[in-house]
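S.K.: On the provided structure of chain A, position chain B as indicated by the hints.
So the protein sequences, as listed, match chains A and B.
Numbering-wise, the working numbering puts 94 at position 60 of the first sequence, and it's gapless, one number per residue.
Numbering-wise, the working numbering puts 499 at position 180 of the second sequence, and it's gapless, one number per residue.
In case anyone wonders, no lab produced these hints; they're calculated from the structure.
It is possible that part of the hints are untrue.
Quick look at which bits of chain A chain B covers, simulated, 3 or more residues with Cβ under 8 Å [unchecked claim]: (1) 95-101; (2) 203-216.
Label-pair distances were calculated between CB atoms; the ranges are [said to hold, decoys possible]: (3) GLU497(B) to LYS55(A): 29 to 35 Å; (4) GLU497(B) to LYS166(A): 21 to 27 Å; (5) ASP41(A) to GLN413(B): 54 to 60 Å; (6) GLU473(B) to GLU68(A): 25 to 31 Å; (7) GLN410(B) to LYS57(A): 53 to 59 Å; (8) ASP385(B) to ARG132(A): 30 to 36 Å.
Think of the CB as a built atom: it goes at the ideal place given N, C-alpha and C, for glycine as much as any other residue.
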Amino acid sequence: MSFYDLDNESKLTRAQQLVAKDKDGAKQLEKVSEQSPGPVSDNELLARSLDYPNKFTATGGVDETLFQDAFTHGASAQRLIRGWEAHATDAHNRFEERAKARREGTDGHDPNLSNQYVGAFRMTAGELRACKLDRDTGPRVRVYDAGEESDELHAEIIVDDTGLNRPEKKELRVRLMIIAQQQGLFVSPYLGAGDLSRAEGTQCTLHLGGEAVGQFELGHG
Amino acid sequence: MISNSVLSRGSTFLNAHPSAGGHATTTQSTIYFAGEYFVSTTQPAATSDVDYLVSPLEQIRTQINDWLARFGSQTCIQTEDATWLMAPRFQISQEFVDSYEPVFKTVMLYRAHVGNWRDGEPDVPSEAQKSAALLGLANMVVALVPAPSPMLLEDGTIGAYWRRGQCYASIDFEVDGEHSWAGTDGEKFRSGTWKVPGQLPPELVNELLSIAN
Chain A
35 MSFYDLDNES KLTRAQQLVA KDKDGAKQLE KVSEQSPGPV SDNELLARSL DYPNKFTATG
95 GVDETLFQDA FTHGASAQRL IRGWEAHATD AHNRFEERAK ARREGTDGHD PNLSNQYVGA
155 FRMTAGELRA CKLDRDTGPR VRVYDAGEES DELHAEIIVD DTGLNRPEKK ELRVRLMIIA
215 QQQGLFVSPY LGAGDLSRAE GTQCTLHLGG EAVGQFELGH G
Chain B
320 MISNSVLSRG STFLNAHPSA GGHATTTQST IYFAGEYFVS TTQPAATSDV DYLVSPLEQI
380 RTQINDWLAR FGSQTCIQTE DATWLMAPRF QISQEFVDSY EPVFKTVMLY RAHVGNWRDG
440 EPDVPSEAQK SAALLGLANM VVALVPAPSP MLLEDGTIGA YWRRGQCYAS IDFEVDGEHS
500 WAGTDGEKFR SGTWKVPGQL PPELVNELLS IAN
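So that you can see chain A by itself, here it is in the shape it has in the complex:
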């Protein structure tokens, strides 16, 4: 039985069920997916995609909802085991393929013509695992290997929000977003020049074709 086999009838969220199955997070040190190359080490780099639309925000940008699914379903990330340079093309391609499938409706849902892959944020698993509130004595964030047949380097980020009130959960979301944007946004090579504002809206350092092009400060939004 897989770590990811869960009770579909449970009223708990998927993230809560996984936390309940692994109360101390020890499973992060084990290979929990048959298709993965192994557990995710702390120094391993991960990529998380930024997509547009983020529900009608005209200029795109990034806010704390970037990681909100880590509190419920689990947030997907791409493992960059051999570093960004080795995996950048594959990561960009995978994220773009997913966006294309959404645009064309080949992912089992109605087409979403405006869906765009804007770029990738990257961070280490250790940075995510160290993310917690000042009052926390234990870790809050787990990173598990979650390889699939089509993507052996898939990883899942799960937040243990046990005992947190609403403002504390919110702060944790903000902390995760800040970690993600620290290294800047690695802009999708598929993003047209006319849509660059989607990336600029993040106000992060933008990496275009391997070069950082400065930090944008465009005011609020």
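M.R.: Chain B in isolation, oriented as in the chain A frame:
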């Protein structure tokens, strides 16, 4: 219906954004606006008469300015040395209210479920969640807080955020009127609750000022 309620106090951004009010005569960096907050008469299940098919922004602007006109003569400004001054009657400028147009529009679009909502994406906001956001935003307009950008949480709660580089602050407009907020300069993190009606938490005001200045 949006209406006014108990007297409460909150900081304004008149000095940071003179175009927003343009009627403050003090030059101090911090002043306190003794005013009122928009709250629902039926909290926590807030409702609104805003008809987005007509012009939500115009309705909101009209309601805010009507409200200000009604209470303008009773409005005071308290400076830091506790001197009370009678504030002139003023209307919030059209320019300032218009700066909120994108966020108000987006709230309506969230609720109207315009676009292509997909499985796994946030819930469509309920009427109560939409109203909570409109009321929260209306309070922000009255407090002359610069217009935020909208965001939508998975459970349909509508939020708003401000960003300048690493500085970031946001609020979730909860239907029970206890709005969670968080802010950071990229290094230090703060969070809390803004209970409406009630003044904007000073910590949140500081976060917003650091973004605005």
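S.K.: Give a verdict on every hint.
M.R.: Structure-based check of each hint:
| no. | hint | verdict |
| --- | --- | --- |
| 1 | 95-101 | holds (count 4) |
| 2 | 203-216 | holds (count 8) |
| 3 | GLU497(B) to LYS55(A): 29 to 35 Å | holds, 32 Å |
| 4 | GLU497(B) to LYS166(A): 21 to 27 Å | holds, 24 Å |
| 5 | ASP41(A) to GLN413(B): 54 to 60 Å | holds, 55 Å |
| 6 | GLU473(B) to GLU68(A): 25 to 31 Å | holds, 29 Å |
| 7 | GLN410(B) to LYS57(A): 53 to 59 Å | holds, 58 Å |
| 8 | ASP385(B) to ARG132(A): 30 to 36 Å | violated, 49 Å |
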